[in-house]
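K.L.:
Chains as they are written, first to last, in the numbering used here: chain G, 1 to 382; chain L, 383 to 764.
It is worth saying that the hints were derived from the structure and are not from the lab.
Quantities reported herein were computed from a predicted structural model and do not represent experimental measurements.
Check before you lean on any hint, since a few could be wrong.
What the hints assert, rightly or not - Examples of chain G residues lying across from chain L (beta carbon under 10 Å, computed):
id, residue
1, Arg9
2, Val16
3, Val36
4, Val58
5, His65
6, Ala195
7, Val251
8, Glu252
9, Asp253
10, Arg257
11, Gly259
12, Glu286
13, Leu297
14, Asp331
Note that the Cβ used here is the ideal one computed from N, Cα and C, for glycine as well.
There are 2 protein chains.
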Amino acid sequence: MVGGGQLARMTQSAAVALGVRLAVLAERADDSAAHVVPSTVIGSHLDADAVRRFARSVDVLTFDHEHVPTDLLHELTDEGIAVRPGPEALVNAQDKGVMRARLAALGVPVPRWALVGDTPALETFAAVAGWPLVLKTTRGGYDGKGVQLVASIEEAESWLAAAASRDDVVLAEEAVPFRRELAALVARSPSGQAAAWPVVWTLQVDGVCREVIAPAPDLSEELAAEATRIALQIAGELGVVGVLAVEMFEVEDFRGRRGVLVNELAMRPHNSGHWSIDGAVTSQFEQHLRAVLDLPLGDPRARSRWCVMVNVLGGDHPDLYRSYLHVMARDPGLKVHLYGKDVRPGRKIGHVTVYTDRVDGLEDALARARHAADFIRGVIDE
Amino acid sequence: MVGGGQLARMTQSAAVALGVRLAVLAERADDSAAHVVPSTVIGSHLDADAVRRFARSVDVLTFDHEHVPTDLLHELTDEGIAVRPGPEALVNAQDKGVMRARLAALGVPVPRWALVGDTPALETFAAVAGWPLVLKTTRGGYDGKGVQLVASIEEAESWLAAAASRDDVVLAEEAVPFRRELAALVARSPSGQAAAWPVVWTLQVDGVCREVIAPAPDLSEELAAEATRIALQIAGELGVVGVLAVEMFEVEDFRGRRGVLVNELAMRPHNSGHWSIDGAVTSQFEQHLRAVLDLPLGDPRARSRWCVMVNVLGGDHPDLYRSYLHVMARDPGLKVHLYGKDVRPGRKIGHVTVYTDRVDGLEDALARARHAADFIRGVIDE
Numbered sequence: 001m002v003g004g005g006q007l008a009r010m011t012q013s014a015a016v017a018l019g020v021r022l023a024v025l026a027e028r029a030d031d032s033a034a035h036v037v038p039s040t041v042i043g044s045h046l047d048a049d050a051v052r053r054f055a056r057s058v059d060v061l062t063f064d065h066e067h068v069p070t071d072l073l074h075e076l077t078d079e080g081i082a083v084r085p086g087p088e089a090l091v092n093a094q095d096k097g098v099m100r101a102r103l104a105a106l107g108v109p110v111p112r113w114a115l116v117g118d119t120p121a122l123e124t125f126a127a128v129a130g131w132p133l134v135l136k137t138t139r140g141g142y143d144g145k146g147v148q149l150v151a152s153i154e155e156a157e158s159w160l161a162a163a164a165s166r167d168d169v170v171l172a173e174e175a176v177p178f179r180r181e182l183a184a185l186v187a188r189s190p191s192g193q194a195a196a197w198p199v200v201w202t203l204q205v206d207g208v209c210r211e212v213i214a215p216a217p218d219l220s221e222e223l224a225a226e227a228t229r230i231a232l233q234i235a236g237e238l239g240v241v242g243v244l245a246v247e248m249f250e251v252e253d254f255r256g257r258r259g260v261l262v263n264e265l266a267m268r269p270h271n272s273g274h275w276s277i278d279g280a281v282t283s284q285f286e287q288h289l290r291a292v293l294d295l296p297l298g299d300p301r302a303r304s305r306w307c308v309m310v311n312v313l314g315g316d317h318p319d320l321y322r323s324y325l326h327v328m329a330r331d332p333g334l335k336v337h338l339y340g341k342d343v344r345p346g347r348k349i350g351h352v353t354v355y356t357d358r359v360d361g362l363e364d365a366l367a368r369a370r371h372a373a374d375f376i377r378g379v380i381d382e
Numbered sequence: 383m384v385g386g387g388q389l390a391r392m393t394q395s396a397a398v399a400l401g402v403r404l405a406v407l408a409e410r411a412d413d414s415a416a417h418v419v420p421s422t423v424i425g426s427h428l429d430a431d432a433v434r435r436f437a438r439s440v441d442v443l444t445f446d447h448e449h450v451p452t453d454l455l456h457e458l459t460d461e462g463i464a465v466r467p468g469p470e471a472l473v474n475a476q477d478k479g480v481m482r483a484r485l486a487a488l489g490v491p492v493p494r495w496a497l498v499g500d501t502p503a504l505e506t507f508a509a510v511a512g513w514p515l516v517l518k519t520t521r522g523g524y525d526g527k528g529v530q531l532v533a534s535i536e537e538a539e540s541w542l543a544a545a546a547s548r549d550d551v552v553l554a555e556e557a558v559p560f561r562r563e564l565a566a567l568v569a570r571s572p573s574g575q576a577a578a579w580p581v582v583w584t585l586q587v588d589g590v591c592r593e594v595i596a597p598a599p600d601l602s603e604e605l606a607a608e609a610t611r612i613a614l615q616i617a618g619e620l621g622v623v624g625v626l627a628v629e630m631f632e633v634e635d636f637r638g639r640r641g642v643l644v645n646e647l648a649m650r651p652h653n654s655g656h657w658s659i660d661g662a663v664t665s666q667f668e669q670h671l672r673a674v675l676d677l678p679l680g681d682p683r684a685r686s687r688w689c690v691m692v693n694v695l696g697g698d699h700p701d702l703y704r705s706y707l708h709v710m711a712r713d714p715g716l717k718v719h720l721y722g723k724d725v726r727p728g729r730k731i732g733h734v735t736v737y738t739d740r741v742d743g744l745e746d747a748l749a750r751a752r753h754a755a756d757f758i759r760g761v762i763d764e
């Protein structure tokens, strides 16, 4: 697995159970996964030689992020290395412009969009889509970085200039007045087997995932099926191998339409699937391993009526042991996951999960999970 | 954790989630846990210097087996090292003679027993307890090793001679005509908090644990409560820290008594608790870490109506990948755990778990788990 973040770390737990030997290419010796994976190689995913050497040392190459250059992955594939997902699929998670064009060609519902290189092009698009607009860098964004809501051409100028200086274009999209965000998570193996987890509700704050509820409450069966169908269609048409997360906007009356629009793709375990560790028969991490190793996929069904995941962000509390004493004593059923990262304000340092079989237990589960996350962060002190 | 077997390996998964840095003292670089724990130190648990150095490098010392000499652990405790469980508790899991005397003094029901050093002493005990008798080495036995059923004084001679040559005595016990074997698993923290998992049924074949059903079927509430009470009593009276497994015989009419008799103790995660990884809110591995770190204990309740664990023993099938293809395709809900050990006939190389919420689903769950274990072992081929 290229990348030593928390996704690789959590993949290690699945690898330990399956008896799979996980190796990681991590940038730094104190990366989250490096603490728990003996076969950690230190090297940058941007260093072609390092990636090449690492790739040749493993049976299957996969990723905890999208940042390995596409050209390099093509070169590895040409050499006969099993790269999963392959570069032709992965480029759709690497380059938002490629993704938008591909999804549009597939007839998948997406916001109106345009790749714009200069002010006149943006003005032309704005005349159709209206202000405000969402501007995105085509590559390299994550967790709200590389995304900007702009209300006028003046606000967009600096983005256009920055892109031009990189010889790049900007992806402009209409701002969708969504009811909420959903995520449909599926996995697909090289043999073409696919499995879909329940569609979840995701709450982002400042572009960072904060909470996930599985399954999404108040979601009609029709819309859940539609979201799942779209995710499976994308996985199949793009030839994805491994986990595919499809982030969507749910719209209630948008250009006369009720349904979902696809926002982003990720081809790896994803924050919207962390609930599955404790909440599903097969976690996204186990499933990703099974998929990239071309093993039969596991049952993705939920084990409880509701499962809630809340991210733990770093605060001013560096002493996590004392936080543990409190949150564990208060809630023996809470599942805490910490990533072994240094605490820095706003950084994702872990998550907590609460599940319940009570049909009316969602509010209570949310309250428990939020309390624990807030307490560990240091936002509350009791 | 001293010892690099599968218990340390499975503890690593819990440590990864909790953000706890696990270090392991393993005898060999290819031990089960050494594959998955970066902070593995190679050294023998019988090498006092190696254990001492390792103990001084960690915050809390705990164990994946009982084989560290008691004297050495006392020395470490005297030095101020946190040894959990402490030597005064642990000696009861190390020395069956000490354990029998202690449990008898506590009034815990045990089979009739005697420590015997020679033939006359054994004859005296046999005159009371009758033949056959069970002979056990006081130290070092596991998985049926160090245990022998003998029908006559002649059959016992070689055991007595072997013990005498080690300057040791033999533990002789009456052979209990049990209905079945049960295990009560509890955890206790230094603060005295305790938690008990449901009492399970365990099936041993040739002294090796083969199957566990949680909770034990057809067990009256009274007997379950009695077994749990005994385990909690032992944990408290002995000052156990961490997981305590109490293996028991269930008797239906034995010397006019219906109930349980304590057979063996283990003070660490135990085969009878592997089901808890997939089947309980808090696994025994997470609980052991929480207990030895003096964190509040987690909820030990079962998540499903039935949970079945079947050990996978090594067979003539070294190619586990092909086995995986079959068992995973046949049963997407099966949870497979392999320990990364070389396959040798009869060796515990993994386990499989199946859970179900169907009240009448036990037979089906057992059949699924047995099929998978047999297939991976190579006993069946479809």
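K.L.:
Against which earlier hints does the structure fall short, listed by number upward?
P.N.:
When the structure is compared with the hints, numbers 4, 5, 7, 8, 9, 10, 11 turn out to be violated.
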